[in-house]
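Colleague: From first to last, the protein sequence lines stand for chains G and E. Here numbering that gives the first Met the number 0 is used: the first sequence runs in plain steps of one and ends on residue 492. Here numbering that gives the first Met the number 0 is used: the second sequence runs in plain steps of one and ends on residue 1042.
Careful, some of the hints might be misleading.
Stated by the list, open to error - Here are the simulated distance ranges between beta carbons: (1) E:818 <-> G:173: 18 to 28 Å; (2) G:41 <-> E:434: 29 to 39 Å; (3) E:806 <-> G:43: 32 to 42 Å; (4) G:280 <-> E:998: 31 to 41 Å; (5) E:563 <-> G:173: 49 to 59 Å.
Unchecked claim - Simulated pairs of lysine-lysine, DSSO-like, Cα-Cα distance not exceeding 27 Å: (6) G:23 <-> E:303; (7) E:686 <-> G:263; (8) G:338 <-> E:303; (9) G:284 <-> E:553.
As the list claims (entries may be wrong) - So, partial list: chain E residues that the calculated Cβ filter (under 10 Å) puts toward chain G: (10) 745; (11) 799; (12) 947.
Note that these hints are calculated values from the structure, not bench results. Backbone N, C-alpha and C fix where the C-beta goes; we use that ideal spot for every residue, glycine too.
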Amino acid sequence: MKKTITHSIIWLLTILIFTTTACKKLEENPSSVIVSSQFFKTQSDAISSVNAVYSSLNSDPNGDFPLYGRQLNLLVENASDNQIFSPSNTNPDVRALGVSTYIPSNSRIQKVWQQLYFGINKANIAIDNVPNVSTDTVLKNRLVREAKFIRGLLYFNLVRLYGDVPLVLHEPKSVNIEDLLVKRSATAAVYQQIIADLTDATSLPKNYGTADLGRATSGAAHSLLAKVYVTQKLWPKALTELNIIINGGYGYALFPNYKDVFQKATKNGIEHIFSVQFESNLGAKNVVQNLSQSFTSFNTGTFPIDVPANKSVYELFSPIDTRRETTFYDSVYNAATGKYVVFKNAYTPYFNKFVDYTLSPLNTQAQSGVNYPVIRYADILLLYAEVINNINGPNAEAYNAINKVRARAKIADLTPGLSADAFRDSVFLERRKEFIQEGHRWFDLVRQGGNIYVDALKKIPEKSAVSSKNILFPIPQTERELNTLLTQNPGYN
Amino acid sequence: MEKSIHRKKIATRLMVFLAIAIFTKKASAQQSPPIINSTLIGSVKDSITKQPIGNVVLAIKGTTHAVTSAADGSFSFRTGQKFPYTLIISFIGYQTKEIVVDGSPITILLAEKASSLNDVVVMGYGSQKKSDVTGSVGSVSKNLLAQPAASFDNMLQGGVSGIGVTQNSGQPGGTATVRIRGGNSISFGNAPLYVIDGFIVYNNNDNANVGSIGTSSNALSTINPSDIESVEVLKDASATAIYGSRGANGVIIITTKKGKKGVNNVNYNAYYGTQTVARKLNLLNGAQWATLINDVNTSDGVPKTYNDAQVAAFGSGSDWQGSALSNAPIFNQELSVSGGDEKSRYLISGNYFNQDGVISNSGYKRYSARINYEKDISEKFKVTANFFGSRSIEHKLPGSAYNSINFSNAYASLILTSPIAAIINADGSYNTSNPLNATPTNPLQDIVTTINQNTLNRILGNTAAEYKILKDLTLKVTAGVDILNTNQQYYAPSFTASPAGGSTGYATKGYAALGSGNALSWLNENTLTYNHTFGDKHFLTTLVGYSTQYENGKSFTTSAQQFPNDLTTFDNLSYAGIANLPNSSARSSSLNSVLARINYSYLHRYNITLSERADGSSKLGKENKWGFFSSVGVSWNVNDEDFFKPLQNIVNSLKIRLSAGQTGNSEIPPYSSLSSLSPTNYYLGGKLVTGISPIQIANPDLKWETTTQYNAGLDLGFVNNRITIAFDAYYKKTTDLLLNVPLPLYTGYASALKNIGSVSNRGIEFSVNSENIKTPAFNWKSTLIFSANRNKVLSLGENVKSFFPVAPTGQVSPVIVQVGLPVGTFWGYDTNGLLKTADLTNGTPLLGGVPQQAGDTKYVDSNQDGIITTADKHNLGSAQPKFTGSLNNTFNYKGIDLSIFFQGSYGNRVFNLLQQSLERPTLTQNASATLLDRWTPQHQDATVARATNSPVPQVTDRLIEDASYLKLKNVSLGYTFKTEWANKIKLKNLRFYVSVQNLFTVTKYTSLDPEVNFYDNDNTKQGIDFGTYPATRTFLAGLSITL
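Pulled out of the complex, with its shape left as it was, chain G reads as follows (with noise of 0.2 Å):
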């Protein structure tokens, strides 16, 4: 009798176990992670779909500095004549960017690269795939234009850093080395490229209601366009654009006060036509400011990890002129103790600009929320007066768009009856003034052409190993490892 129970015990047991838990079934159906095919069904994906776009320029995903907000600004601004590191950056890739002796296997010009090509694919995915999305066609159409904004932005500062660049315009599906394997392209037709997508984002709106502030609209893709004339020096085509922008309704002007550009009470005002956007304690992640990190600490004994290049460059500053206290500090508030403190070494004063005054303990500076601003009204000033000399020689037009720069600046109107020449250096110099820290310096030394940027880094001690292949970024050496169809730029091995 016993035994029959157990028998019939065993059994069920058995049984039991062996159909609730055989073969476990091996597809995954995550709850946690979208996968692709679950992605691009409805708007509130095509939006997010872009704003990612958007994030690649504010934050990495590593958590490594974002690239408007200080990686590109290790390129354009160190690799200038205005930028060096203190003796706090240890880093020797960043040291190397300071004082001209970067290599192809720098990390510094290797992560640039990959933030610029990051975006390109984020930018890719929703231009392909927002098309397919069923919602609004205003939307979807304002979305891909938004991408395409981005994407003409990022190739364009490739274009400019290294040269001829693999042109890539959708995401890859494999995982084979074989099927990702592309060559570079001409410059020429990745400026084409450049072109055919800003053209296609001057159809952005003109603005934004307030929850939209931010996004890309046609006055930013027209100004951009400007600028990828100016380059390409294409000076008729630049003035159209440029006209458009200052007469065609866009109602953009300088702030009265020039502080007011990087303030966060007036982010997005008048005077900013497209900024990468900062917000303090938003609790968003990898999303940091370095550039505010030129003021760390009340302790004099510690320095920002990017100082001036030398005192030259406080020193072009007259004393009159407004920008120079909005560019540098040398002494800082400190509310704890109710004194100022004074910073006076080698490397003072210090960069300004991104330092955040409304945040309190002031050393939080990584939660600055003072956006980049990666196109202002200045800027179109700046441009207008260089197209309008370029073309017609230094006329009133080009003296009016100059002085109103200056004027703004609490400073005189430009010498009258300058030569073509000097007009020209004159507005490069008030461009190098105004643009301080702001990602402009190294791209107009360059395309001036010439050995105007060997001539300028010269002036600097420090900088003397440069020479002319530093017009152009190497190409990353593990992408030539890794593709070795690269080819490698100039003077590099």
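Given chain G's structure and the hints, the job is docking chain E onto it.
Modeller: Relative to chain G, chain E alone:
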């Protein structure tokens, strides 16, 4: 379609197995009935307890005829042999006895013993006579298992040849890196598989760490080490292939203590001890530091900061390093009740362990309980249940973040604080006005006031039912569950510089974080074992089975900051001014397996093991879910051969083992083969918006990483087996590595997970056990263990010769993964002293792009291109030792026992990252005393470069130090009272002991401890030291009572 092919494959292989089984049965069925010449009856008992012993094997010497004793110890032997004959009596854990029998009945007394060639060895899914074993299996000696330790992985070190264990830090309850015969994989899963009383656990410390700050918590420390009866380490493919996809990194089988029939014991064990810091660093004192600052000033071309009088006044300054250190107690006690009757065995145990840290505000505490129960419901039907539950609470060292890495470097922060700053103000409060600190904080106060607490609760239960369907056929069904729950609580007060989500407690005005994780794993295994002896010559055991394991985990973390005060900490986040974005995650995976094994032995002389396992894992690509893993092992007991007889005076036993087979690894995170999207953030209109974009490209072809292993082994016994040697040589090649392969960045992805590349490990290992002196009064045993492994990257895929693992932001990776070198080879410059004035003009190669002067480091231009660039960096050795070894000696004299255990490692190197920081002069941080021998114009014959302001830290041969070491890990001296004396005070057994752990370390390594892994289990970054929790020396005394 794919699936049906796989099923067919499995079915075919199973049929082959069954066919072999049936064939062998038929072959043996032709024997004629034996003639009976004598009948012997008797019983077997324990020589001390006089309790009967069941399942004892009694065999007649010179034949293969054997019987086993019944549960009451009785047996009867009907045999063709005539009296007198010699009977060999053997049983697990008892000394094998030979007696001459000349009549019936008899009573045989067996004595317990330590080890022998005829022991039964615990294998995967069963056990086997040691003589029949074909694989490479090692057991950790009881002696080592008796060491006091927080977690059993600490006790494996030096316990078995071929296993390498590195304590990652001295943090109480911290993790260890365990590798069996080297690491096979580069990116994923190098840790062995643990099988605890039949339940399979892949130890994933991620389950114990949810957004944790500081060193990671050790999920294995949840298990009370004293509950462990035995630990077997399965090393080669013949032993591990039965675990198929999970066996590649070796298997550690843990069997917990069980009750014994007829004895009811109450055991109480306790020890109490004190821990002291084993080593401190030599740092600059106040005056020395001030002089250094003045030298830096001179190199900057600015006036000196301190005049001579000020320098002198600083004197020795503050000892920050010592300020957080104190001797700390360690205490353990446990009570167990065990026993059994005719039908059932039980053990119930409870444990309380409390280890304070030698650094303030750190420590580890564990409460655990276990119930093991076994019941013979009938002669055919047995059920067992093993349950344990534990709760451990760890207080971890926080620390300011080292770039993006939040490891336990609060201690490093302390070391780096300038000695001229006072620690405590005159009124006893912490000094927070150090002018050299970026914030008004105090690193000692940070350690003392930051709460970083991790509570781990674990329940592991496994039940099994075994039913003898036929005499030789047993069905076993097991079902078990492992539930691990972790709660993490963190608070960085507003007055600390402790990490606070990328910022500091000060900057965030108080930062609280909470995290919780639940991991569940259940396992069902169903096996059918057929065990039959044919004609006393053919011994066959076949096993077929099916198992399913399912794992899931969920976790969340949340944090908030800006608290009006520091009173409520993490216990009420609603006081916070800012809530950060919370995180949550969920994952699940399953593994279905079909397994089969045949063990066949002819005369226990010629043995073969065939095993086969098919595994389907949900984590792999949809095209390649299933993998097949087979192995074959053979062994030959040469000493049983007639031709060997003349040699037996010299060599008592000689066994040759050979095996080959494949095992796998799929320890990648779930969903790795899918094209998954992840959230990012942007701001529009001043508000946070979410962006969604892909983070990986789908790889439907993702498959098993496979390790093919060949093993040759030799077991030798001399002098009546008083000296035994086990020697093994192996070669392992891991192919289809699960590797994050770099992609060209213009694709928009940095890497993709692919099966690319291969790694090899080859090595030799041996263990020697010797009973040097064996007299009734005095006994001396030695165990020597030696392992040497060579690891090499064979391939990393097309066009990839090397890659640098991701380094912290702004840092250059000190390690490289390169074809032809071991995984994680240190990569840096050779140096050749310091530059002399003449070198600057005579064409000596200089560091490119940086002005160099006399007194700067002189780098070696290894590629001889006339300039020092990163191309001159080269192989500076690796963290992998050339060999490791241990020597354990135990002495017994009457009741006194003494054990001395040495353990060492040779040829491993450590990158002394802390020293790199300490040798880099800045105007704010303290520095190493090695800087006293720095170059100055007056002292040009120096070892360290001149003082400049914050020079770029370079990875140089000077910092890649020889970390070979020899440690006296454990000395213990005990006294066991004579049974008669113990009985007088109503005790069965009474033992007192004292022991010292880590009494001394012989090493050239200059920092805290040569055993160090700042990056924990990361396989590519082993042997990096950035000031982990210091190692300790422990003195303790204990007693053990049996009632």
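Colleague: Now tell me if each hint is right for this structure.
Modeller: Results for each hint:
Checked against the given bound of 18 to 28 Å, the beta carbons of residue 818 (chain E) and residue 173 (chain G), roughly 24 Å apart, stay inside it. Take residue 41 (chain G) and residue 434 (chain E): their Cβ atoms lie about 57 Å apart, and the range 29 to 39 Å is violated. The hinted range of 32 to 42 Å is satisfied by residue 806 (chain E) and residue 43 (chain G), whose Cβ atoms lie roughly 38 Å apart. One distance hint, 31 to 41 Å for the beta-carbon pair residue 280 (chain G) and residue 998 (chain E), is violated here, with the actual separation near 52 Å.
For the pair residue 563 (chain E) and residue 173 (chain G), the beta carbons lie near 55 Å from each other, so the given range of 49 to 59 Å is met. Distance restraint check for residue 23 (chain G) and residue 303 (chain E): the Cα-Cα separation of roughly 73 Å exceeds the 27 Å cut-off, and the hinted pair is therefore not satisfied. For the suggested pair residue 686 (chain E) and residue 263 (chain G), the alpha carbons sit about 13 Å apart, so the restraint of at most 27 Å is met. Straight-line distance between C-alpha atoms of residue 338 (chain G) and residue 303 (chain E) comes to about 26 Å, which keeps the hinted pair within the 27 Å bound.
Proximity of residue 284 (chain G) to residue 553 (chain E) is assessed by CA-CA distance (about 21 Å); at most 27 Å being required, the pair is judged to hold. About 5 Å separates the beta-carbon of residue 745 (chain E) from the nearest beta-carbon of chain G, less than 10 Å, and the hint is met. A hinted interface residue such as residue 799 (chain E) counts as satisfied when its beta carbon comes closer than 10 Å to some beta carbon of chain G; here the least separation is about 7 Å, so the hint holds. Interface restraint check: residue 947 (chain E) against chain G, minimum CB-CB distance 8 Å, threshold 10 Å, status holds.
When each numbered hint is compared with the structure, violations occur for hints 2, 4, 6.
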